[in-house]
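Residue numbers (the working numbering), protein chains in the order written: chain E, 1 to 252; chain F, 1001 to 1310.
Source of the hints: derived by calculation from the structure; they are not laboratory data.
Keep in mind that the hints are not guaranteed to be accurate.
When the alpha-carbon atoms are kept at most 25 angstroms apart in a straight line, the in silico DSS-like pairs for lysine-lysine are as follows [as the list claims (entries may be wrong)]: (1) Lys-229/E with Lys-1048/F; (2) Lys-1199/F with Lys-75/E; (3) Lys-1013/F with Lys-1027/F; (4) Lys-2/E with Lys-1027/F; (5) Lys-1273/F with Lys-2/E; (6) Lys-1199/F with Lys-68/E; (7) Lys-1037/F with Lys-2/E; (8) Lys-195/E with Lys-1199/F; (9) Lys-1027/F with Lys-232/E; (10) Lys-1048/F with Lys-232/E.
What follows is a set of in silico ranges between Cβ atoms, one per label pair, in the way DEER data are often shown [said to hold, decoys possible]: (11) Glu-12/E with Gln-1050/F: 45 to 51 angstroms; (12) Asp-72/E with Ala-1142/F: 42 to 48 angstroms; (13) Val-192/E with Val-1156/F: 51 to 57 angstroms; (14) Glu-149/E with Lys-1027/F: 33 to 39 angstroms; (15) Val-1156/F with Glu-127/E: 56 to 62 angstroms; (16) Glu-12/E with Thr-1103/F: 57 to 63 angstroms; (17) Thr-1103/F with Glu-149/E: 57 to 63 angstroms; (18) Lys-75/E with Gly-1055/F: 25 to 31 angstroms; (19) Phe-1052/F with Asp-148/E: 41 to 47 angstroms; (20) Gln-1050/F with Ser-99/E: 31 to 37 angstroms.
Yeah, the Cβ is synthetic: ideal placement off N, Cα and C, and Gly gets one too.
Here are the chains, one letter per residue:
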Amino acid sequence: MKNECMTILKHEKVARDTHLLVLEGNLVHDIMDPGQFVHIRIDGFYLRRPVSIADYDPAKETMTLIYKVMGDGTKALTNRRVGEQLDVLGPGGQGFPTSQIHADHALIIGGGIGVPPLYSTAKKLKENGVAVTSILGFRSREDAFLLDEFRALGEVHVTTEDGSLGRSGRVTDALPCVKKDYQHYLSCGPTVMLKAVADHLPDKEGYLSMEERMGCGIGACFACVVESKDEKGYKRICCDGPVFKAEEVVLS
Amino acid sequence: MNLSVKLPGLNLKNPVMPASGCFAFGKEFAQFYDLSKLGAVIMKAATKEQRFGNGTPRVAETASGMLNAIGLQNPGVESIISDEIPFLKNHHLPIIANVAGSTVEEYVEVAERISSYVDAIELNISCPNVKEGGVQFGTDPALAKEVIRHVVDVSVVPVYVKLSPNVTDIVEMALAAEEAGASGLSMINTLTGMRIDPKTRRPVIANGTGGLSGAAIKPISIRMIHQVYQAVTIPIIGMGGIETAEDVLEYLLAGASAVAIGSANFKNPFICKEVIEELPRTLSRYGFSSVEQAIGGAHDEEVETSLLRS
Ligand SMILES: Cc1cc2nc3c(=O)[nH]c(=O)nc-3n(C[C@H](O)[C@H](O)[C@H](O)COP(=O)(O)OP(=O)(O)OC[C@H]3O[C@@H](n4cnc5c(N)ncnc54)[C@H](O)[C@@H]3O)c2cc1C
Ligand SMILES: Cc1cc2nc3c(=O)[nH]c(=O)nc-3n(C[C@H](O)[C@H](O)[C@H](O)COP(=O)(O)O)c2cc1C
Ligand code: FES
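Please model the complete structure; the sequences and the hints are all you need to start from.
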């Protein structure tokens, strides 16, 4: 893990309140798996903000983040301009173990701002010869992003809560449309969605990326714990996760 | 520049150490810099058995600070002795164990078990985030004295008592600790606070209240150390909102002999190392040639420190 001032190469709006940020720096070489995150310091805010790595390219030393404005910190982040530096700590945590998934077909299930880390995950799976089907859920048409990018990797089913794009409903409503020959699913989104997904797919091998408020982001403060089913009884999302096997953690 | 400070049980090569609960047991920070650069290290609280702590969310951001209600999550004293202390010992720096408990018996058992593995004990009678024990011992001088006496009796190393700022009269608590046999004081722990989310109309932190730390609390800590320094003769380890070498100097002047840096480690994992590296320049800029010289400087109107006020 590094702490680096990375240069902003690109910063643009990609959907309602949703921004794409391309950063350049050495830290990119440390990324092990898709689904890891970085912890960003924003001037005037005491705590760093965790944001997933949506895509990365070690050859160009760049990584892409996609974030949604949820409060004052992410709002302040939108004011940062191309050419400026951003204080980034990372890459943190354990991502999706794509190299360990040896299968013909895998299912990606992303909800809202949980979609970004699944993009590089889907890319890696495809590179490894795994066919990828994606179910991407958004609140509404204006919130949707990365659809063309996912379509370039495989079959995509879109759901929106208001029916303004794709199927009306939730990601789990699209499950019947997907051919059942996949053994693995990889999912990121709000905890309620992860729970619904895990409940629908009890006989598949699932990987879930979780969220919790963080202090340090490196495993030292015990702010980000989630209950686990092992002897230890807990996992830290920032370093043992954010990606866990579905059966490892207790979703509430 | 002489940065060394000698305190009961602690031969510090510099006066800066990470605060309890903000550095775990050092492993995570060892990937960023060599821990032997630190003056000492204060470990995360130890209780008798493993504790899982409070529900989440456990942290919330505030203006110039943060609230936390971790709830003393730790693997228990035996696991700390066998799995954590050996790693820190490799770095050849003084180790301070933060001892917590729900009852006098638990404090005593933990202190008795851990004291021979460390250089000093920081007795945590000031955690605001657990239902039993913790801060009740830190707000009642009679209870404080009882637990301190028993812990001092069983400990083979000096005991520093960590004071809670959530009291009306901090001097009364400091005097109680001194009378009960404390070798030093550590101050301050967090201030009880709360944030409410307008959307849910509920506290942001699952525990309801949390402990406020960070830059926001520094003036309170400085004031309390300034008061206590005049009343006691035992040394003080100061903490609360330290982010720069100037902050360290302010603490030394108020009367602290050493300092601990807590939440700022979350913002900048290199903070302790950077502050240590900057300290000599800061001290000399204000006319000091050693750390010792600056300790209590705000109380000593006759010496040259007053010349620097212009
Ligand atoms: C591992 C991980 C990966 C993430 N990846 C992304 C991503 O790729 N894109 C994206 O848009 N968002 C992502 N998030 C959520 C993002 O961190 C929050 O939306 C953001 O911190 C909100 O900050 P704010 O200042 O705008 O909101 P505020 O509500 O003002 O923030 C106040 C405090 O709460 C914390 N906080 C608020 N919401 C969350 C949350 N959902 N998770 C964790 N902390 C929160 C903030 O970090 C801050 O400390 C991720 C969260 C985690 C834990
Ligand atoms: C996340 C967190 C956990 C803490 N855990 C402990 C603890 O286990 N024992 C203790 O005595 N103090 C604990 N503290 C208090 C700190 O050691 C310190 O006294 C306080 O945070 C003030 O310093 P700061 O402003 O530099 O953070 C904790 C503080 C934070 C922020
Ligand atoms: S955020 Fe500190 S342990 Fe995870």
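Consistency of beta-carbon spacing, Glu-127/E to Val-1156/F, with hint 56 to 62 angstroms: Once the Cβ atoms are compared, 59 angstroms apart, the range 56 to 62 angstroms for Glu-127/E and Val-1156/F holds.
Pairwise hint evaluation, Lys-2/E against Lys-1037/F, where the allowed Cα distance is 25 angstroms at most: Holds: Lys-1037/F and Lys-2/E sit about 19 angstroms apart, inside 25 angstroms.
Range hint 42 to 48 angstroms (beta carbons of Asp-72/E and Ala-1142/F) holds or violated: holds (45 angstroms)
Proposed proximity, Lys-232/E with Lys-1048/F (alpha carbon, max 25 angstroms): At roughly 16 angstroms apart (the allowed maximum being 25 angstroms), Lys-232/E and Lys-1048/F satisfy the hint.
25 angstroms Cα cutoff - pair Lys-1199/F, Lys-75/E: Holds: Lys-1199/F and Lys-75/E sit about 18 angstroms apart, inside 25 angstroms.
Satisfaction of hint between Lys-1048/F and Lys-229/E, Cα-Cα up to 25 angstroms: It holds: about 23 angstroms lies between the C-alpha atoms, which stays within 25 angstroms.
Outcome for the supplied range 45 to 51 angstroms, where the beta carbon pair is Glu-12/E and Gln-1050/F: Holds, since Glu-12/E and Gln-1050/F (Cβ atoms, about 48 angstroms apart) stay within the stated range.
Glu-12/E paired with Thr-1103/F, Cβ distance criterion 57 to 63 angstroms: holds (58 angstroms)
Hinted pair Lys-195/E and Lys-1199/F, Cα distance within 25 angstroms: Holds, at about 23 angstroms.
Straight-line alpha-carbon gap Lys-1273/F to Lys-2/E, limit 25 angstroms: holds (15 angstroms)
Beta-carbon spacing of Lys-75/E to Gly-1055/F - inside the hinted bounds 25 to 31 angstroms or not: holds (28 angstroms)
Verdict for Glu-149/E, Lys-1027/F (Cβ pair) under range 33 to 39 angstroms: Taking Cβ atoms as reference, Glu-149/E and Lys-1027/F lie about 38 angstroms apart, which means the hint holds.
Hint compliance for this structure: every hint is met.
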